[in-house]
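**Student:** Chains as they are written, first to last, in our numbering: chain Z, 9 to 121; chain H, 6 to 119.
Simulated from the structure, these hints should not be mistaken for laboratory data. Please note that the accuracy of each hint is not assured.
[Claimed, not checked] Some chain H residues near chain Z, calculated using beta-carbon distances under 8 Å:
| hint | residue |
| --- | --- |
| 1 | Trp12 |
| 2 | Pro13 |
| 3 | Glu27 |
| 4 | Asn37 |
| 5 | Leu49 |
| 6 | Val56 |
| 7 | Gly57 |
| 8 | Val65 |
| 9 | Gly92 |
| 10 | Leu95 |
| 11 | Thr107 |
| 12 | Gln108 |
| 13 | Phe110 |
| 14 | Pro112 |
[Unchecked claim] The list that follows gives simulated cross-link-like pairs (lysine-lysine, DSS-like), each with its CA atoms no further than 30 Å apart:
| hint | chain 1 | residue 1 | chain 2 | residue 2 |
| --- | --- | --- | --- | --- |
| 15 | H | Lys84 | Z | Lys108 |
| 16 | Z | Lys60 | Z | Lys76 |
| 17 | Z | Lys85 | Z | Lys108 |
| 18 | Z | Lys118 | H | Lys84 |
| 19 | Z | Lys64 | Z | Lys76 |
| 20 | Z | Lys68 | Z | Lys85 |
Don't be surprised by glycine CBs; every beta carbon is placed ideally from N, CA and C.
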Amino acid sequence: GDSVTQMEGPVTLSEEAFLTINCTYTATGYPSLFWYVQYPGEGLQLLLKATKADDKGSNKGFEATYRKETTSFHLEKGSVQVSDSAVYFCALPSTSGTYKYIFGTGTRLKVLA
Amino acid sequence: SQTIHQWPATLVQPVGSPLSLECTVEGTSNPNLYWYRQAAGRGLQLLFYSVGIGQISSEVPQNLSASRPQDRQFILSSKKLLLSDSGFYLCAWSVDSLSTDTQYFGPGTRLTVL
């Protein structure tokens with residue numbers, strides 16, 4: 009069945025450091041892939057998405073490339089800010105004929121000034 | 006543009022009391038609707054989803070139930086709350102089942118059962 013695996017957190021970085029949050033997936037075919045961000049006390053917001061292999065999603069300085077060879081969708085940012093502190097979720101829509109979405113367990117990022 | 010509302014934003018309830026959380030979506034028709042729960046410091050747990058009025062799929066057997074009385078309204082209920090029902094409840098919607106579809110989340114309801 010479908011699954012998403014994210015790196016364990018928390019991840020603690022200093023401001024302006026480089027960020028990578030790993031995400032790998034298992035799915036039938038090539039579904040769209042998503043990164044969501046959740047700030048403290050809020051719902052999830054779509055951060056970026058990619059709809060097909062080799063697509064790169066980008067938003068707010070974050071990027072992720074859909075790699076079908078390695079079944080990965082790693083999130084990267086060249087220079088993080090304190091305001092990027094949040095929980096990040098990798099996700100994909102189920103490919104098993106249901107209307108569900110499969111989420112990773114989330115990775116908490118803390119950026120220190 | 007589409008918007009999703011949830012209320013209340015926060016709720017403190019005693020064990021054994023009933024629960025009703027409401028979610029409404031504006032600006033779209035026949036959305037797929039979802040209820041998730043997020044325990045403190047944990048990931049998302051899908052509770053229910055609905056692809057149309059009166060159509061509810063349950064993912065986790067528990068003392069919660071869901072209903073969809075109108076096209077853009079989704080309600081989460083319980084007759085008797087348990088301590089373990091505490092958490093952050095998120096409603097979400099999507100346009101349809103296409104693989105490129107994005108899921109959009111509401112602001113959430115924080116429920117504390119004492």
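**Student:** Next step is simple, just say for each hint if it's right about the structure.
**Tutor:** Against the structure, the hints:
Here the hint on Trp12/H is broken, as its CB sits about 13 Å from the closest CB of chain Z, past 8 Å. Checking Pro13/H against chain Z: minimum C-beta separation of about 14 Å lies over 8 Å; hint violated. Look at Glu27/H: its Cβ only gets to about 15 Å from chain Z, farther than 8 Å, so that hint breaks. Because the closest C-beta pair between Asn37/H and chain Z is about 5 Å apart, less than 8 Å, the hint holds.
Here the hint on Leu49/H is kept, as its CB sits about 5 Å from the closest CB of chain Z, short of 8 Å. Taking 8 Å as the C-beta contact cut-off toward chain Z, the hint placing Val56/H at the interface holds, the least distance being around 6 Å. Violation of the interface hint for Gly57/H is found here, the shortest Cβ-Cβ separation to chain Z being roughly 10 Å, above the 8 Å cut-off. With its C-beta approaching chain Z no nearer than about 12 Å, Val65/H sits outside the 8 Å limit, and its interface hint is violated.
A least Cβ separation of about 13 Å between Gly92/H and chain Z goes past the 8 Å threshold, and the interface hint is therefore violated. Checking Leu95/H against chain Z: minimum C-beta separation of about 5 Å stays under 8 Å; hint holds. The beta carbon of Thr107/H is positioned within 8 Å of a beta carbon in chain Z (closest approach about 6 Å), and the interface hint is therefore held. For the restraint placing Gln108/H at the interface with chain Z, the shortest Cβ-Cβ distance is roughly 5 Å, inside the 8 Å limit, so the hint holds.
With a cut of 8 Å, the hint placing Phe110/H at the interface with chain Z holds, because the nearest CB-to-CB distance is about 4 Å. The interface hint given for Pro112/H is met, as the beta carbon of that residue sits about 5 Å from the closest beta carbon of chain Z, less than 8 Å. Distance check on the hinted pair: Lys84/H and Lys108/Z sit about 26 Å apart at the alpha-carbon level, within 30 Å; holds. The straight-line distance between the Cα atoms of Lys60/Z and Lys76/Z is roughly 9 Å, inside the 30 Å bound, and the hint therefore holds.
Proximity of Lys85/Z to Lys108/Z is assessed by CA-CA distance (about 29 Å); at most 30 Å being required, the pair is judged to hold. Only pairs whose Cα atoms come within 30 Å are accepted, and Lys118/Z paired with Lys84/H is rejected, the gap being roughly 39 Å. For the hint linking Lys64/Z to Lys76/Z, the alpha-carbon distance of about 12 Å falls within 30 Å, and the restraint holds. Restraint check for Lys68/Z and Lys85/Z: the C-alpha separation of about 9 Å stays at or below 30 Å, so the hint holds.
Violated hints, in rising order: 1, 2, 3, 7, 8, 9, 18; the structure is consistent with all others.
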